[in-house]
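Protein chains: 2
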Amino acid sequence: MADEENAYSFTTAATRHIKLECLPEGGMKLWRGERLPEVTLAYESWGELNEKADNAIIIFTGLSPSAHAASSPQDPSPGWWEYMIGPGKAVDTNRFFVVCANSLGGCYGSTGPSSINPATGSSYDADFPDVTVEDIASSGYYLMRELGVEKLHAAVGSSMGGMSSIAYAMQYPGEIRYLVSISAAAQALPLTIALRSLQREIIRSDPDWNNGHYSDEKRPLSGMSLARKLGLVSYRAADEWNSKFDRSRLPPEKLTGQRFEREFEIENYLEYNAQKFIHSFDPNSYLYLSRAMDWFDIAEHGDSIAGGMAKIDVEKALVVGVTTDILFPLRQQREIADVMRSTGTDVDYVEIDSVNGHDAFLIDDEHFSPVVKKFLDESVS
Amino acid sequence: MADEENAYSFTTAATRHIKLECLPEGGMKLWRGERLPEVTLAYESWGELNEKADNAIIIFTGLSPSAHAASSPQDPSPGWWEYMIGPGKAVDTNRFFVVCANSLGGCYGSTGPSSINPATGSSYDADFPDVTVEDIASSGYYLMRELGVEKLHAAVGSSMGGMSSIAYAMQYPGEIRYLVSISAAAQALPLTIALRSLQREIIRSDPDWNNGHYSDEKRPLSGMSLARKLGLVSYRAADEWNSKFDRSRLPPEKLTGQRFEREFEIENYLEYNAQKFIHSFDPNSYLYLSRAMDWFDIAEHGDSIAGGMAKIDVEKALVVGVTTDILFPLRQQREIADVMRSTGTDVDYVEIDSVNGHDAFLIDDEHFSPVVKKFLDESVS
Numbered sequence: 001m002a003d004e005e006n007a008y009s010f011t012t013a014a015t016r017h018i019k020l021e022c023l024p025e026g027g028m029k030l031w032r033g034e035r036l037p038e039v040t041l042a043y044e045s046w047g048e049l050n051e052k053a054d055n056a057i058i059i060f061t062g063l064s065p066s067a068h069a070a071s072s073p074q075d076p077s078p079g080w081w082e083y084m085i086g087p088g089k090a091v092d093t094n095r096f097f098v099v100c101a102n103s104l105g106g107c108y109g110s111t112g113p114s115s116i117n118p119a120t121g122s123s124y125d126a127d128f129p130d131v132t133v134e135d136i137a138s139s140g141y142y143l144m145r146e147l148g149v150e151k152l153h154a155a156v157g158s159s160m161g162g163m164s165s166i167a168y169a170m171q172y173p174g175e176i177r178y179l180v181s182i183s184a185a186a187q188a189l190p191l192t193i194a195l196r197s198l199q200r201e202i203i204r205s206d207p208d209w210n211n212g213h214y215s216d217e218k219r220p221l222s223g224m225s226l227a228r229k230l231g232l233v234s235y236r237a238a239d240e241w242n243s244k245f246d247r248s249r250l251p252p253e254k255l256t257g258q259r260f261e262r263e264f265e266i267e268n269y270l271e272y273n274a275q276k277f278i279h280s281f282d283p284n285s286y287l288y289l290s291r292a293m294d295w296f297d298i299a300e301h302g303d304s305i306a307g308g309m310a311k312i313d314v315e316k317a318l319v320v321g322v323t324t325d326i327l328f329p330l331r332q333q334r335e336i337a338d339v340m341r342s343t344g345t346d347v348d349y350v351e352i353d354s355v356n357g358h359d360a361f362l363i364d365d366e367h368f369s370p371v372v373k374k375f376l377d378e379s380v381s
Numbered sequence: 001m002a003d004e005e006n007a008y009s010f011t012t013a014a015t016r017h018i019k020l021e022c023l024p025e026g027g028m029k030l031w032r033g034e035r036l037p038e039v040t041l042a043y044e045s046w047g048e049l050n051e052k053a054d055n056a057i058i059i060f061t062g063l064s065p066s067a068h069a070a071s072s073p074q075d076p077s078p079g080w081w082e083y084m085i086g087p088g089k090a091v092d093t094n095r096f097f098v099v100c101a102n103s104l105g106g107c108y109g110s111t112g113p114s115s116i117n118p119a120t121g122s123s124y125d126a127d128f129p130d131v132t133v134e135d136i137a138s139s140g141y142y143l144m145r146e147l148g149v150e151k152l153h154a155a156v157g158s159s160m161g162g163m164s165s166i167a168y169a170m171q172y173p174g175e176i177r178y179l180v181s182i183s184a185a186a187q188a189l190p191l192t193i194a195l196r197s198l199q200r201e202i203i204r205s206d207p208d209w210n211n212g213h214y215s216d217e218k219r220p221l222s223g224m225s226l227a228r229k230l231g232l233v234s235y236r237a238a239d240e241w242n243s244k245f246d247r248s249r250l251p252p253e254k255l256t257g258q259r260f261e262r263e264f265e266i267e268n269y270l271e272y273n274a275q276k277f278i279h280s281f282d283p284n285s286y287l288y289l290s291r292a293m294d295w296f297d298i299a300e301h302g303d304s305i306a307g308g309m310a311k312i313d314v315e316k317a318l319v320v321g322v323t324t325d326i327l328f329p330l331r332q333q334r335e336i337a338d339v340m341r342s343t344g345t346d347v348d349y350v351e352i353d354s355v356n357g358h359d360a361f362l363i364d365d366e367h368f369s370p371v372v373k374k375f376l377d378e379s380v381s
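Chains as they are written, first to last, in our numbering: chain Z, 1 to 381; chain P, 1 to 381.
Just so you know, these hints were derived from the structure itself, not from any lab.
Just so we're clear, the structure is a prediction, and the values are computed from it rather than from any experiment.
Do not rely on the hints blindly, as some may be mistaken.
Unchecked claim - Here are the computed lysine-lysine pairs in the DSS-like style, where the Cα-Cα straight-line distance is at most 30 Å: (1) Lys311/P x Lys29/P; (2) Lys29/P x Lys254/Z; (3) Lys373/P x Lys316/P; (4) Lys311/Z x Lys373/Z; (5) Lys52/Z x Lys151/Z; (6) Lys29/Z x Lys254/P; (7) Lys374/Z x Lys311/Z; (8) Lys311/P x Lys374/P; (9) Lys218/P x Lys218/Z.
As the list claims (entries may be wrong) - Stretch by stretch, here's where chain P covers chain Z in the computed footprint (C-beta under 8 Å, at least three residues): (10) 184 to 195; (11) 199 to 211; (12) 223 to 231; (13) 242 to 255; (14) 290 to 300.
We treat Cβ as the ideally placed atom computed from N, Cα and C, and that holds for glycine.
The task is simple: from the sequences and hints, build the whole structure.
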């Protein structure tokens, strides 16, 4: 995919774009029934694939990250999981061939709503087909085939990426040896469906959304900002904000005297972070990937969650949860671990006590690195 | 205030409107410095004031309720706290003279943004002065004076109403004997400020808000609906929704086939409840009262929360919290009780184990009635 086709894709020297040639005839059949005639994935990789092609790890991302999970000689800027991936790190690129793709449906170079529909020559926009977590996993499967990998050493994912890792293991039993699921869920439950549904409705209520057919010049930035703020509220934990912001107020010179203006530092924090986000993320990608998470339900792969989990055939899984995560709470991590065990999977289950809520995996190097490192080190010992 | 002055005020035979004649000269001076020249409160009452005028209880409401807290012969429709207030009930109207007013700043008959500004002959709209929890408490104080009450037997409030009860006790030390605070807070903390700030920004982002000067015909209903949905998400607890909705989907005949349409029952529940609300509540009232809660900080009444609490002079206080309340969490209830005790107030502190989150006080008759009944019964024994 060329840059001019997609306003959001950024290409660094480290980002490669690959058109999946190994798709079945007619294109990629999606989990909910629609079809994508062509799929391009933007990905980065670190380390080298060994001769036996048995040292590959795929990293699945949450909703918004790009393929740039870590720095590399080609692109020294820090990636979104910089502390986790690199030479000698938990995901050790001296040992493993590590691949991270921008999600199918995303906007950082992989085929998504802002990509050109080959049938029309215009961007898909809201005519992009329904994409699911299963499809993100499948696109990762095809990507690894293109890269010469038959069987993965491991799939590692956090948040939506954890769902994708599990979906990979269920859909391709025996084709992955180790599975890492961090702050994920076996199925979306009402609170998270409600929060995401509300975020989507906020975006769709912005007149500039224009039923999904907006121009680059007039995107629903107001709706995106509000939706992102709601996301930020759900990603963090109350206590961290209490200690970080308490009731701190903006300095008087930043106040305008307008009624209802931002007055507390927490309001400013949300505004700052929302503004950082909205200019780089495609609203339609947000809608599609958000909905994908609502739909995710392992029970669709069997008669029940256990029925779906029973399809998994890995040597071992690592399941990690965070005490203060309100979006993907500990009980859902325990459920993943318990049901995996009940269906015959060997599981390491770790609860991490962090104040950083759902975002902890992006922040807490000191908690997460040792856990993931131990698991992956043992996988090759 | 006559009905025609306020599109939202509903008058039943039980609702009375009283213009506060006992205000200081120049009107009511508000906590943040502005002034209201005239204040009318809509209220209802139950039971009779006794000869000594020492059996009066004021009920302070949360953000949205009207004065119609309970049914009466004049208006037999159930009130918003029907289980709590009535003959023989926890707030026993055989024994007490019970008064509930629509909050100052509200839209159900009390002076608020949709009221006529006597200086202009038009509604205040977004030119209404900043109103605070302290002012709501003070307006209740003036109301009770108008009704012939010098010293209250008790102030009872939940959520914002609990804050108002505490503000009453701090501002009028010795003029209230018993204090009941349910699911309140000594000060607003970042998570709740963030959620409310976001709700307000959602309303203000609706083009129909029109900087607060909208017409009855064109109100920001879309923004109100989204803000209300966010409120509903925060008022309830995840586990209750899990057991009530799980991943239930709408029946096929209710689906339109449109992308991103409501598909899960939880989405329909939010839509239904938002629609019920938005046609009866004034968006500007929502903004003002929401901001009032952000501003509430007992520490403004002293050098610290303890400094503010030290002003309280009651015979006893009841502080109640709910295990699953994420908006006004238990730790904030414990804080109220602990600091009150440390500053010399006798406190009964009760934690209620309920699945209903912040809304529990509206629902859990079987949990709340015995606690409040015991406290008030003992107050007259």
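Each hint, compared with the structure:
The suggested pairing of lysine 311/P with lysine 29/P holds, with an alpha-carbon distance near 20 Å, which does not exceed 30 Å. For the hint pairing lysine 29/P with lysine 254/Z, the CA-to-CA distance comes to about 27 Å; that is within 30 Å, so the pair holds. Only pairs whose Cα atoms come within 30 Å are accepted, and lysine 373/P paired with lysine 316/P is accepted, the gap being roughly 14 Å. Of the pairs offered as hints, the one joining lysine 311/Z and lysine 373/Z holds, with about 26 Å between alpha carbons and a cut-off of 30 Å not exceeded.
A threshold of 30 Å between alpha carbons decides the hint, and for lysine 52/Z with lysine 151/Z the separation of about 10 Å falls inside it, so the pair holds. Between lysine 29/Z and lysine 254/P the alpha-carbon distance is near 27 Å, which keeps this suggested pair within the 30 Å criterion. Taken as a hint, the lysine 374/Z and lysine 311/Z pair is honoured in the structure, with Cα atoms around 26 Å apart against an allowance of 30 Å. Distance restraint check for lysine 311/P and lysine 374/P: the Cα-Cα separation of roughly 26 Å lies within the 30 Å cut-off, and the hinted pair is therefore satisfied.
At roughly 25 Å between alpha-carbon atoms, lysine 218/P and lysine 218/Z fall within 30 Å of each other, so this suggested pair holds. Interface restraint, the region 184 to 195 of chain Z with chain P: holds (8 residues with C-beta to C-beta distance below 8 Å; minimum three). Residues of the region 199 to 211 of chain Z lying with their CB closer than 8 Å to a CB of chain P number 7, which satisfies the three-residue condition for coverage. Using a Cβ-Cβ cut-off of 8 Å, 4 residues of the region 223 to 231 of chain Z lie near chain P, which meets the minimum of three, so the contact claim holds.
For the region 242 to 255 of chain Z, the stated coverage by chain P holds: 5 residues have a C-beta nearer than 8 Å to a C-beta of that chain, and at least 3 were required. Given a C-beta distance limit of less than 8 Å, the hint that chain P covers the region 290 to 300 of chain Z holds, as 3 residues qualify and 3 suffice.
Consistency with the previously given hints is maintained throughout, with no hint failing.
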